[in-house]
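Each step along the sequence shown adds one to the number in the numbering used here, with nothing skipped, and position 123 is 127.
Since the hints were derived computationally from the structure, they do not count as laboratory data.
Note that beta-carbon positions come from the ideal geometry of N, C-alpha and C, so glycine has one too.
Treat the hints loosely; a few may be bogus.
[What the hints assert, rightly or not] Simulated restraints on C-beta separations:
#1 Arg-64 to Gly-109: 18 to 24 Å
#2 Gly-54 to Ala-91: 33 to 39 Å
#3 Val-116 to Ala-92: 19 to 25 Å
#4 Thr-82 to Leu-23: 32 to 38 Å
#5 Thr-25 to Leu-57: 17 to 23 Å
#6 Met-24 to Ser-119: 32 to 38 Å
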Amino acid sequence: MAARVLMAAIFLVAGVRKLMTYGATLGYFAKLGIPLGDVVLPLTIALEIGGGLLLIAGWRLQWVASALALFTLATAFTAHAFWSADAAQFSAQLNNFLKNVAMAGGFLLLIVQASGGERKRTAP
């Protein structure tokens with residue numbers, strides 16, 4: 005449960021912050037070139053807050069972790085494109101990209117754990 009709470013925290017905070025700064029976030033989405041920002045932003049907020057709460061609750065963990073892993077990877081490539089960042093933003097974008105990739109890896113571990121864990125192998 006502690007791992008789920010720690011992983012959910014970033015989504016809950018991000019979702020609430022997007023909700024509180026809706027207009028500015030919509031502008032940021034436009035700057036990133038995200039199409040249909042007025043549709044994508046509410047879906048993003050719902051996924052971050054709803055997914056975070058469901059992750060804590062442990063409800064349908066494989067589905068929730070899968071959705072958040074895909075979302076986190078998509079965000080890494082759309083919002084943290086370090087390869088096209090200027091020198092001033094390169095390190096921050098690289099760190100955020102790698103953070104997202106690492107979180108996706110954590111979600112893969114949650115998916116394995118929720119399915120009963122890896123099977124134990126016996127030596128031949």
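Okay, the hints, checked on the actual structure:
1. Taking 18 to 24 Å as the suggested C-beta distance range, the pair Arg-64 and Gly-109 conforms, at roughly 20 Å.
2. At roughly 37 Å, the beta-carbon separation of Gly-54 and Ala-91 lies within the given 33 to 39 Å, and the hint holds.
3. Distance hint check for Val-116 and Ala-92: the Cβ-Cβ separation is about 39 Å, which falls outside the suggested range of 19 to 25 Å.
4. Taken as a hint, the range 32 to 38 Å is violated for the pair Thr-82 and Leu-23, whose Cβ atoms sit roughly 20 Å apart.
5. Between Thr-25 and Leu-57 the beta carbons are some 20 Å apart, a value that agrees with the proposed interval 17 to 23 Å.
6. The hinted window of 32 to 38 Å between Met-24 and Ser-119 holds, with their beta carbons roughly 36 Å apart.
The structure does not agree with the numbered hints 3, 4 stated previously, though it agrees with the rest.
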